[in-house]
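Residue numbers (my numbering), protein chains in the order written: chain A, 637 to 1131; chain B, 637 to 1131.
The reader is advised that the hints may include incorrect statements.
Remember, identical chains collapse to one label, so a pair may be satisfied in a single copy or spanning two.
Claimed, not checked - For lysine-lysine, the following BS3-like pairs were computed, each having C-alpha atoms within a straight-line distance of at most 30 Å: (1) K677 to K713; (2) K1024 to K1120; (3) K717 to K938; (4) K731 to K799; (5) K1111 to K955; (6) K754 to K938; (7) K775 to K802; (8) K717 to K677; (9) K802 to K852; (10) K713 to K1037; (11) K754 to K731; (12) K677 to K775; (13) K713 to K938; (14) K799 to K775; (15) K802 to K717; (16) K713 to K955; (17) K717 to K731.
Derived by calculation from the structure, the hints in this document are not laboratory data.
There are 2 protein chains.
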Amino acid sequence: MAGKKASDRNGNPEQAGKKTLGLTVTKAGDFSEWYTQVVTKADLADYTPVSGCIVFKPYSYAIWERIQQLLDSRFRKLGIKNAYFPLFIPESLFKREAQHVEGFTPEVAWVTHAGEEKLGERLAIRPTSETIMYDSFSKWIRGWRDLPLLINQWCSVVRWEFKYPKPFIRTREFLWQEGHTVHESKEDADRQVSAMLSVYREVVEEHLAIAVISGKKSEKEKFAGALYTTTLEALMPDGKALQMGTSHNLGQNFARAFGISFLGKNGEKQIPWQTSWGMSTRVIGALIMAHGDDYGLVLPPKIAPIQAVIVPIVFDDTKEKVLAAAAGIRRQLEQEGITVEVDDRDTYTAGWKFNEWELKGVPIRVEIGPRDIEKQQIVLFRRDTRQKETAKMPAAAAAVKGMLAEMQDALYQKSRQHIESSIADAGTIQEIAAAAKGRKLAKGFFCGSVQCEEEIKGKCDGATSRCMTLGSSEKKGKCVVCGKEGVAAYFGKAY
Amino acid sequence: MAGKKASDRNGNPEQAGKKTLGLTVTKAGDFSEWYTQVVTKADLADYTPVSGCIVFKPYSYAIWERIQQLLDSRFRKLGIKNAYFPLFIPESLFKREAQHVEGFTPEVAWVTHAGEEKLGERLAIRPTSETIMYDSFSKWIRGWRDLPLLINQWCSVVRWEFKYPKPFIRTREFLWQEGHTVHESKEDADRQVSAMLSVYREVVEEHLAIAVISGKKSEKEKFAGALYTTTLEALMPDGKALQMGTSHNLGQNFARAFGISFLGKNGEKQIPWQTSWGMSTRVIGALIMAHGDDYGLVLPPKIAPIQAVIVPIVFDDTKEKVLAAAAGIRRQLEQEGITVEVDDRDTYTAGWKFNEWELKGVPIRVEIGPRDIEKQQIVLFRRDTRQKETAKMPAAAAAVKGMLAEMQDALYQKSRQHIESSIADAGTIQEIAAAAKGRKLAKGFFCGSVQCEEEIKGKCDGATSRCMTLGSSEKKGKCVVCGKEGVAAYFGKAY
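Please work from the sequences and hints to get the whole structure.
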């Protein structure tokens, strides 16, 4: 019996995995089906009877909670306070800002009845909360002492898209945070927009280990009602860009529509400047796509709900000794702030456990068996490289910590290398089309006009501008479409 | 100029308060208006254009976040995992459990349209998530190894009540957590129900400092679809009971309705037992009512977002010295884990600040002026007793810590004393009516039947059974209505 279990450890886990719980397609072979299988088999999400809505199962919700902590602590340091506004927006309020209503109305879910009664006015389920929040802001803000007003909200929003849904990436209800600030001047608002994009970049690059490009959205792609939108864009393995977070300067558009004004330091009534910015559970989709492999999910250590899993290799005669050693290692790792679990389930074989934790993308697996105890060592398995190393027991925490840091860095470097090697310079529309076809981002000069954008979209198989570079160090040049002056911009297909 | 500011400190803050921002009614004089004024003037909540829905402003949301932390850490220790299920419930799913649908349908908000399209099936906005969750559970649970399933969700729910709304206490949308568990046996479910009520009791009594009575709900008052409901009930100063948290054993009703079954250890197909339990933002209403006074909110130290506020008494010539001392005290308090703010706004007088922080219920105000620095002391003002004490500067943290602990204890003892002195023994319906009229809870024997409950309600000005005692040590006796055997129960009006 002991022999049987031992063979699981030394046997071929992949074979066992394929039979029981592993993926049946490769990432390169069928990317879309691979994604669906990772989402369901790694126990991240489940489909529901509400079309386009998913269950965020505990494992993906724990990832979201990590992202929440990372963002929330940074928001706090910037003086931003959390609040909660109603889910419902009366139709009249929702329709007050012209561009905003045009952008969002086609996707709004409407409440028309309560109990047996028909409501006097339809209520929109928030697709975003500008309109309900700014009605309150107009009552709260009186003078310059009330500014800046810095509010954030964690909630779910509903956008009833009719395109094919995809868990995390495109669902009709999703979770997010939406920040909303009010400032005395355009410059203050500009600074806030840029500060929030920096927070997002730090979390995405340093914690999610996903490299991004950033810039300004074109007129056509900007947030409905905004003066301008800044964005972080990641590149997925299928060559499509994925928006990771956006930060908008709303100008004075909403303030005028909602009657927000303040008495300035000069004693005169003024119209304030506003920003809004958000990051959503979409980034979990990016995390899966960017790092996963043919064995399942691969989670960057800084975001993984479980950073290390200890799998004791248990035989009947040495069970107690091995479990005690596993508990010791667990304590050692926990003392160093590593989140760790011991998988001591006796209803599964070690081989089965190896496969399951690989599927779930836990960064490091620690194996301890009786022979390891004899040698006073543990075996470390690193999820991304799938390489094994041994470490001496007293140095377990240092070894795990070092390996976690190496893995975090390696994932980011790989992502950085992927996006950088996937940017093709384009001097013509044809070159943009060729880049899109080759799963690359095109970089070319662009004037940002709606007409030029439409022309590119029509001729490049749906590729659109992703963002226009911001930096003053970037060169200017002639728009690849109209030849007028433009800035360097990225083009590609997008999720 | 310096003299003017100094007089604010030594003047009469109450007078200043009444003119600028204080309450215009007393708690005893007009309890309902007092409540409304505390909610709005302490900046806890605001009304919105959506009838019956409020904004949870940053200050009340911070209280809710404290409650979330307290509950969440306890849930985690019990192995309960957070997840997120859709906001929407298809009508057919919502109507699957007969008693449940009867209980909730009159208050459901219905989504009928998305964009320009009429939906094929109406969607309920969740009033509670049993029906949408248990449809998923029926797919997740296969065998005894999958049990217990222990899930919690933080979200908002919507119950479109037509009674007069009251911020926190009765709003059409509110925030809560809802826990849902599935077990092999009734005994396991019973234990879970009781464990969750204990968690709620600990948070309510030890942190919110509100004394409660607990027990089982009668047939009429139990959760729609449950086998039985256990509850914690607090007594508000107006003599009305307020439900602080409930924990239900759902029996096998929902499992049967949603087709949840599992292969037991004996190899046979079995129907599991389920529980659900919740605590909502209603408890913030209880917090306000229970502890507030004629000067505003009074927050128990363990739940206060700001435990101590330092108000430097600033004169032009000693400003730097005083602000430096305030910063030193701040560091000292923070090192002891006390959440502290320094109110160094130079646009308000010290007297104005005193009133504002009293209105907001901050447990301790620390005053530091130039004369205090000379004496190497600080002045501590305790919010509930409104008494001042001095402490030597090097002992500031110990003094504040001690005062916080005393205040926490005093608030709880006062609450305990209030509920215990407000229980009147009742041997007849008339005595229940008299107790209710005298703002008391009546305690009498009760059989728990719907008929007897209706009779009491009709004859006691709306008082109903609040809970039936659980303990085996409680005596049994004859029901005050029908004379059949009953257990001791509490009766009273309720929010």
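Output the numbers, in ascending order, of every earlier hint that fails for this structure.
2, 5 and 6
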